[in-house]
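Chemist: Residue numbers (the working numbering), protein chains in the order written: chain A, 1 to 143; chain B, 1001 to 1238.
Just so you know, these hints were derived from the structure itself, not from any lab.
Nothing here was measured: the structure is a model prediction, and the numbers come from that model.
Note that the Cβ used here is the ideal one computed from N, Cα and C, for glycine as well.
One or more hints might be untrue.
Cβ pair distances, simulated, as ranges [unchecked claim]: (1) B:Gln1069 to A:Glu39: 48 to 56 Å; (2) B:Thr1025 to A:Asn115: 16 to 24 Å; (3) B:Gly1195 to A:Leu81: 32 to 40 Å; (4) B:Lys1084 to A:Asn111: 18 to 26 Å; (5) B:Gln1069 to A:Pro113: 31 to 39 Å; (6) B:Ile1211 to A:Glu97: 44 to 52 Å; (7) B:Asn1199 to A:Thr100: 21 to 29 Å; (8) A:Leu81 to B:Glu1092: 52 to 60 Å; (9) A:Pro107 to B:Ile1211: 47 to 55 Å.
Under 10 Å between C-beta atoms, here's a sample of chain B residues computed to sit facing chain A [stated by the list, open to error]: (10) Ala1008; (11) Thr1056; (12) Glu1061; (13) Tyr1098; (14) Gly1102; (15) Leu1114; (16) Leu1117.
No more than 25 Å apart at the CA atoms, straight line, and that leaves these computed lysine-lysine pairs for PhoX-like [said to hold, decoys possible]: (17) B:Lys1160 to A:Lys136; (18) B:Lys1160 to A:Lys95; (19) A:Lys136 to A:Lys120; (20) B:Lys1143 to A:Lys120; (21) B:Lys1084 to A:Lys95; (22) A:Lys136 to B:Lys1143.
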Amino acid sequence: MLLLKNRRAQYYTVDFIIASIIILGILSLVYSHYYISYEQDRSIYLSNTGEHCLTVLAESGKLSELVYSEKWDTLSQLIDLTLPSNVYFSFYVYKWESGTWTRIVGPIGENMPQNSMIVKVTYILAGNSTDSSPRKIELYLWE
Amino acid sequence: MFTKVKKAQFYTMAVAVIAVALISTSIIIVGVRNSMRSMEVSEDIYFVLNNIRSETLRRVELILSNLTQMDKSGATFNYLEIAKSYLDEWIECLKNEYESRGYKLHLSYDPSQLSYLRNWNNTISTSIFTAIINIQLENENAKIEQTVNATHIFKLSISKVERIGSNLIVQVNFTKTIGTLEELSVDYAVVYINGTRANYVGGGMYQAELIFTGPDTVTVYVSAVSSSGIFVEALETR
Chain A
1 MLLLKNRRAQ YYTVDFIIAS IIILGILSLV YSHYYISYEQ DRSIYLSNTG EHCLTVLAES
61 GKLSELVYSE KWDTLSQLID LTLPSNVYFS FYVYKWESGT WTRIVGPIGE NMPQNSMIVK
121 VTYILAGNST DSSPRKIELY LWE
Chain B
1001 MFTKVKKAQF YTMAVAVIAV ALISTSIIIV GVRNSMRSME VSEDIYFVLN NIRSETLRRV
1061 ELILSNLTQM DKSGATFNYL EIAKSYLDEW IECLKNEYES RGYKLHLSYD PSQLSYLRNW
1121 NNTISTSIFT AIINIQLENE NAKIEQTVNA THIFKLSISK VERIGSNLIV QVNFTKTIGT
1181 LEELSVDYAV VYINGTRANY VGGGMYQAEL IFTGPDTVTV YVSAVSSSGI FVEALETR
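Produce the complete structure using the sequences and hints provided.
Modeler: Here it is, written out as structure tokens:
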């Protein structure tokens, strides 16, 4: 009788262990699915925000004007004004010369965090009256 | 009895240890994932296309600006060679950038369709550069093809010179046409009339009030300056 009770206890324990593993497995699957879709949403949000910012500045002519006159502080202030307050940024500017991109300035803005999702949005400028070589601005965004 | 209690304790402990191990592992995995920096380049293909399209139009505007300035300075030049070098550099730069990011970009133009025309007829001054550019952009999700009529026309005309007492009211019209889309030069051009900056009064019209120095005739010289250079100038003697 005692041996039978002992066996039953062992059975319940094994049953409990298997149930725990299944529950934890399902929970971690649900969590990782939620986590991935949350990351994708944030990535799309940051990307749209960056695209909107660069489009607005480019269409107003300010992006070209400030990049070619190398007024980095003013450009940084304008980007800051265009972005929502919860979005941080940093940018690099490159010049097209001899068939390759050469960095002329950067990083400008906030220090990039080590443990965050960062989205990069790029805009290429066609040149202006003083300098016909194209420029590229790489805008890095995070929350 | 004592053996029974020990066994039960052992099983309980085993369950607790396994549960703690599983929970700790998940916490560690999530923690490591959160502490890693992930970098994403997630631009929308339509944003890229819009960038290429609008800056290609600016590139063509730059060509027109340079051709006009060279023409006005009296230099001898081959407009086709200049236009091709500007467009080829631009295409090379775009292809380098976007193909390195996994896009397939095909950007082309027909050199026989490039043309530069100008008509400087004192009071009306026009500069025209025509280019038809094909853009084909493709990534793993979408493929877009577009033909851009990058024809730029800049037209400056003196529409009114009127003497009122000792003042001379001068009105100038400046319009910029790209392809089939007409954009009036609101906040775009800076117009000078005899060195005085004219005020924008709407509808592409600029106006300046000058002092009439006499005795009988006055020469009105107008220049329109845009962000990519001086495009057109006009002259009228009254």
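Chemist: Tell me the numbers of any earlier hints that the structure contravenes, in ascending order.
Modeler: 4, 5, 7, 8, 14, 15, 16, 17 and 18
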